[in-house]
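A.B. asks: As a plain string of letters, each chain reads:
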Amino acid sequence: MTDAVLKSRLDKRPIQEPTAWDRLKVNRNWLGVWFMVPAAAFLILFLAYPLGLGVWLSFTDAKIGRTGEFVGLENYEWLMDDSTFLLSVFNTILYTTVASVIKFAVGLYLALLLNERLPFKAILRAVVLIPFIVPTVLSAIAFWWIFDPQFSIISWSLKKAGLISTNIDFLGDIWNARWSVIFANIWRGVPFVAITLLAGLQTVSPSLYEAATIDGATTWQRFRYITYPLLTPIIAVVMTFSVLFTFTDFQLIWVMTRGGPVNATHLMATLSYQRAIIAGSLGEGAAISTAMIPFLLAAIMVSWFGLQRRKWQQGGDND
Amino acid sequence: MTDLLANKVADPKTTLHGSSAAADDASEGMSYLESLPRRLVTLYLPLGIIMVVLLFPFYWMALTSIKPDEQLLDFETYSPFWTWNPTLKHIAKLLFETEYPVWLWNTMLIATCATALSIFASVLAAYAIVRLRYKGAQWVGGAIFLAYLVPPSILFIPLSTVVFQYGLFDTPFALILTYPTILIPFSTWLLMGYFKTIPFELEECALIDGASRWQILVKIVLPLAIPGLISAFIFCFTLCWNEFIYALTFISSTQYKTVPVAIVTALVDGDIYRWGSLMAGAMIGSLPLVILYAFFVEHYVSAMTGAVKE
Chain A
26 MTDAVLKSRL DKRPIQEPTA WDRLKVNRNW LGVWFMVPAA AFLILFLAYP
76 LGLGVWLSFT DAKIGRTGEF VGLENYEWLM DDSTFLLSVF NTILYTTVAS
126 VIKFAVGLYL ALLLNERLPF KAILRAVVLI PFIVPTVLSA IAFWWIFDPQ
176 FSIISWSLKK AGLISTNIDF LGDIWNARWS VIFANIWRGV PFVAITLLAG
226 LQTVSPSLYE AATIDGATTW QRFRYITYPL LTPIIAVVMT FSVLFTFTDF
276 QLIWVMTRGG PVNATHLMAT LSYQRAIIAG SLGEGAAIST AMIPFLLAAI
326 MVSWFGLQRR KWQQGGDND
Chain B
24 MTDLLANKVA DPKTTLHGSS AAADDASEGM SYLESLPRRL VTLYLPLGII
74 MVVLLFPFYW MALTSIKPDE QLLDFETYSP FWTWNPTLKH IAKLLFETEY
124 PVWLWNTMLI ATCATALSIF ASVLAAYAIV RLRYKGAQWV GGAIFLAYLV
174 PPSILFIPLS TVVFQYGLFD TPFALILTYP TILIPFSTWL LMGYFKTIPF
224 ELEECALIDG ASRWQILVKI VLPLAIPGLI SAFIFCFTLC WNEFIYALTF
274 ISSTQYKTVP VAIVTALVDG DIYRWGSLMA GAMIGSLPLV ILYAFFVEHY
324 VSAMTGAVKE
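Protein sequence lines, in the order shown, are assigned to chains A and B.
Here the first sequence is numbered in our numbering, starting from 26 and rising by one per residue.
Here the second sequence is numbered in our numbering, starting from 24 and rising by one per residue.
FYI, nobody ran anything at the bench for these hints, they're computed from the structure.
Calculated pairs, BS3-like style, for lysine-lysine (alpha carbon to alpha carbon, straight line, at most 27 Å):
1) K242(B) <-> K50(A)
2) K50(A) <-> K219(B)
3) K158(B) <-> K242(B)
4) K50(A) <-> K158(B)
5) K219(B) <-> K242(B)
6) K158(B) <-> K219(B)
None of these values were measured; they are calculated from a predicted model.
Please take these sequences and the hints and turn them into a complete structure.
C.D. replies: Encoded structure:
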């Protein structure tokens with residue numbers, strides 16, 4: 026019956042050949058291009074182009090207000106002999122390694138704790154994330170105050186407890202300053218690691234643990250042979266992001282120490298800001314930023330293989 | 024398959040409430056094996072310590088901002104951990120004697136504009152990648168994920184010359200137009216996940232009824248993707264508020280600065296009692312985000328875990 030109705034309608038209308046324009050209007054490639062225009066414009070103008078420009082600048086002697094001449098690898102040769110730069114590379118690697126390892130350990134531990142049966146579970150989990158949502162600069166200022174050389178609340182409490190006799194110079198001493206900024210970074214990063222790993226933990230079925238317990242597995246074995254393998258894919262991704270953002274950190278250092286004392290906490294990002302924007306040698310600063318790219322690529326590779334493994338483990342398709 | 028994906032996206036909600044079907048099933052489970060003293064040592068004690076460490080800086084921030092000057096630095100006569108005579112002096116000084124309200128307004132304006140622009144661009148891009156599936160859509164999706172991994176710290180030097188060339192230096196537009204480079208990759212990736220959960224059949228029906236792609240997007244896909252849009256919006260807004268290095272590099276006049284930059288550059292002076300107003304500034308600067316977060320915790324968590332899981 027439907028056919029009959031359709032047919033009678035169609036008969037009344039003259040049949041029109043679709044014009045080229047009509048065809049183009051529903052062509053998915055043509056439409057796709059137009060839908061992509063706004064995003065592509067932003068990403069090409071303000072991301073891809075500057076990324077290429079950054080690499081180009083690192084081969085020039087550009088200064089602020091003056092376009093540079095091509096000088097080849099001179100900036101890099103210069104940096105190789107620059108002890109401040111080498112120190113900043115050391116600092117960045119130390120900062121990233123120590124902070125990431127501790128963030129992972131504490132984050133995983135916190136996720137396991139939050140996965141237990143608890144009173145006020147929802148509130149606890151919501152509160153854990155607060156350090157992550159408060160702007161880093163603002164919490165860094167709070168840490169700056171907590172680590173004040175004269176009026177630090179930590180020094181005061183330790184003195185009251187009789188553990189130390191003089192104030193700790195948190196940000197004035199080379200190694201103290203390093204540990205202090207690493208602590209602040211860990212403090213900020215743990216919630217992210219914990220909450221994302223918690224999301225992964227909740228996909229693990231409790232019956233696996235029950236079965237393992239019946240088979241006589243200890244708590245450690247349950248963690249090692251059930252939780253950890255099932256969590257590996259999400260750990261890979263979370264840790265890639267964590268490493269990436271720790272490695273390129275700028276805010277915490279800039280607010281708390283500005284790279285001091287004696288460049289002991291300069292990371293590559295803060296040093297490039299110092300050289301390029303404050304001292305004005307764009308070329309040299311760009312060379313420092315460009316030197317970060319190989320490390321970032323390594324992190325991306327890890328992420329990529331983590332994702333690949335996830336698909337393989339779930340036996341699923343790419344969706 | 025759609026169910027599976029829907030579960031995947033709905034999952035973050037259970038992250039907060041911890042009551043997925045599987046967990047309910049084991050409400051008793053093996054927990055009878057654990058006695059209270061044992062739970063006290065292995066669970067409540069470490070959890071308590073971690074929570075105290077995580078929250079202490081905020082307590083200290085809030086307390087410092089309401090302490091009167093004489094108690095601010097004198098820990099011996101007054102207990103440093105509490106105050107019986109709170110004062111609003113620091114907050115009043117901040118709001119009426121500095122340009123703080125202007126900075127707050129700048130931050131809000133820049134964050135809102137940049138977020139709106141990014142969401143607009145991301146919705147179109149995500150829809151095209153997921154549903155139009157034009158030639159090479161998969162590659163573009165991958166490229167956008169890679170763009171997400173490019174950190175601002177390696178872009179700010181060349182971007183500063185670009186911003187200067189375009190004549191945007193020291194205007195709010197420098198930030199409104201550069202923030203989307205951080206936001207678009209993230210929100211596109213997030214929205215792609217949401218759009219995939221919307222049944223394709225709905226669109227087919229609309230196509231047969233003669234709707235154009237634009238109509239389908241506006242009238243069918245977007246209303247169904249509202250939770251995803253809220254997640255993307257909140258996360259982008261937070262990222263904008265948090266951004267520091269671009270704002271520090273591209274803005275030099277005080278009246279255009281955003282809160283994080285202004286606090287560090289304009290509010291820090293030689294006064295030894297500055298801590299009161301600094302902490303007040305930090306607290307007020309974080310409050311809008313904390314309030315927003317309190318209302319949309321679930322969306323926020325789903326944005327964060329969604330981006331990692333996809």
